[in-house]
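Enquirer: So the chains spell out like this:
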Amino acid sequence: MKFSVSDQAIDLNAAKHAVTDRHCGALVVFEGWIRNHNEGQEVERLEYEVYRPLAEKEGAKIIDEALAKFSVSHAMCIHREGLLELGDCAVIVCVSAAHRDAAFDACRYIIDQTKTRLPIWKKEHYVTGISEWVNCENCAAAGHAHGNHRHD
Amino acid sequence: MKNRVRFFALFREQAGCDSETVNWSGGTAAELFQLMAAKHPLLKGQAAALVAINDEMSGWETPLNEGDEVLFFPPVAGG
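Quick mapping for you: the protein sequence lines, in order, are chains W and G. End of the first sequence = 152 in the working numbering, gap-free, step of one. End of the second sequence = 79 in the working numbering, gap-free, step of one.
Think of the hints as simulated: they come from the structure by calculation, not from any bench. If you're wondering where the values come from, they're calculated on a predicted model, not measured in any experiment. Don't take each hint at face value.
[What the hints assert, rightly or not] In silico contact screen, one side only, chain W against chain G (beta carbon under 7 Å); selected entries:
| hint | residue |
| --- | --- |
| 1 | L12 |
| 2 | N13 |
| 3 | F30 |
| 4 | G32 |
| 5 | E49 |
| 6 | V91 |
| 7 | L118 |
| 8 | P119 |
[What the hints assert, rightly or not] DMTMM-like mimics (lysine to aspartate or glutamate), calculated; alpha carbons at most 20 Å apart, straight line:
| hint | chain 1 | residue 1 | chain 2 | residue 2 |
| --- | --- | --- | --- | --- |
| 9 | W | K115 | G | D55 |
| 10 | W | K57 | G | E69 |
| 11 | W | K57 | G | D55 |
| 12 | W | K16 | W | E31 |
| 13 | W | K115 | G | E69 |
| 14 | W | K61 | G | D55 |
| 15 | G | K44 | W | E132 |
| 16 | W | K57 | G | E56 |
| 17 | W | K123 | G | D55 |
| 18 | W | K123 | G | E13 |
| 19 | W | K61 | G | E56 |
Built from N, CA and C at the ideal position, the CB exists for glycine as well.
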């Protein structure tokens, strides 16, 4: 499956091998990890809620769009759901292509679209004991969708 | 007209439930959200939110049909 959601730790090597091809001279991989801070708060763990039926459907569309837009051979993405600890891999994108430029561009497209289009939400649990849903405050303030600005 | 509404993540906590069935006069997805916001005072933030109808991403001005399942998504934050 080109896009999938997993409640288990992602097998990073298996993901990379899924896109290997002897016609490809480039493999670009993005891994998103759980970091220990966000906007001044010390993060203890993180929880992803995913509405799977639509996330998997829209995620497959994003992969197909990347394959159509860029000269790449294979692309895939796995996103975690559930409770994750610091250092865990939350998302991996793997793209293989004959040449690196297209692979970098496609990888960037897939992770950017994944962050803004899929019904996935994260709740940060802070060391203070407080938990909060992470929202894009810029979106909320401006009353628009994510497309108008960058998300790191 | 009868529609099932589902709330996710922050919206579920604001509404205090994950779903409910609504009997109303009908209208657009935005109008249904406003009806829900009036019923659940903590529910807000439609401008930055997304809506799906019957498991397809949709637009707020989409007219709803009898029996449509309407999914209200607060701002997403994958990755």
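Enquirer: Work down the list of hints and note, for each, if the structure agrees.
Expert: Hints, verified against the model:
| no. | hint | verdict |
| --- | --- | --- |
| 1 | L12 | violated, 16 Å |
| 2 | N13 | violated, 21 Å |
| 3 | F30 | violated, 9 Å |
| 4 | G32 | holds, 5 Å |
| 5 | E49 | holds, 5 Å |
| 6 | V91 | holds, 5 Å |
| 7 | L118 | holds, 5 Å |
| 8 | P119 | holds, 5 Å |
| 9 | W:K115 to G:D55 | holds, 19 Å |
| 10 | W:K57 to G:E69 | holds, 17 Å |
| 11 | W:K57 to G:D55 | holds, 9 Å |
| 12 | W:K16 to W:E31 | holds, 11 Å |
| 13 | W:K115 to G:E69 | violated, 24 Å |
| 14 | W:K61 to G:D55 | holds, 14 Å |
| 15 | G:K44 to W:E132 | holds, 16 Å |
| 16 | W:K57 to G:E56 | holds, 9 Å |
| 17 | W:K123 to G:D55 | violated, 23 Å |
| 18 | W:K123 to G:E13 | holds, 12 Å |
| 19 | W:K61 to G:E56 | holds, 12 Å |
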